[in-house]
Amino acid sequence: QLLGVNESATSNQFSATFGKILIWTLIWAFFATFTNYFFGMIVAMIINKKDIKFKKLWRTCLITTIAVPQFISLMFLSKSLGTNGGTINEILIMLGAIEKGNEIKFLEDQLIAKVTVIVVNMWIGIPYTMLMCSGLLMNIPADLYESARIDGASPFKMYAKITLPYMLFVTGPYLISNFVGNIN
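If you're matching positions, the sequence shown starts at 1 in the numbering used here and goes up one per residue.
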């Protein structure tokens, strides 16, 4: 009977741990996929506007995260986000946003670490999506936007009725495979 109690306790502990990991994995996959996708699309739309100056410079700045190997980028970020002597905490101390001894534990506090991982993933992933969306945005016929403007459509309505459906139609398989990849 003692053996049965231990098996039950171990089974309950396994179930609880598995449940937490499963929930975090689904949260991670959702945010890692859709924050990169929508923010990348927004950045591409901003850069592709006609009145934006230095388009090549903005694209180049964003693409540097792709040019630098991810291992080096992530090692740099781990040093920058560290509690003791981390660059970000030091900057926040110099700006007076936090006090010495009250550093933000980007990599040690469980909730903050999860948010930090999602933000770092966005920093690395948005440029990929921006490049893909830039090319797709250039293929949407300008006549559609011109007709919508004449009909009095707001920028949000044009995005919701023209840009987003076109982008989702073309990038649907990418989104699905990216979501599944993030789950893995």
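Derived by calculation from the structure, the hints in this document are not laboratory data.
One or more hints might be untrue.
[Unchecked claim] The following label-pair restraints were derived from C-beta to C-beta distances:
#, residue 1, residue 2, range
1, Ile-93, Gly-152, 28 to 38 Å
2, Lys-79, Leu-26, 25 to 35 Å
3, Ser-11, Ala-153, 30 to 40 Å
4, Lys-79, Ser-147, 26 to 36 Å
5, Phe-156, Asn-12, 44 to 54 Å
Note that CB positions come from ideal geometry on N, CA and C, so glycine has one too.
Hints, verified against the model:
no., hint, verdict
1, Ile-93 - Gly-152: 28 to 38 Å, "violated, 51 Å"
2, Lys-79 - Leu-26: 25 to 35 Å, "holds, 30 Å"
3, Ser-11 - Ala-153: 30 to 40 Å, "violated, 57 Å"
4, Lys-79 - Ser-147: 26 to 36 Å, "violated, 52 Å"
5, Phe-156 - Asn-12: 44 to 54 Å, "holds, 49 Å"
Taken one by one, the earlier hints fail for this structure at numbers 1, 3 and 4, listed in ascending order.
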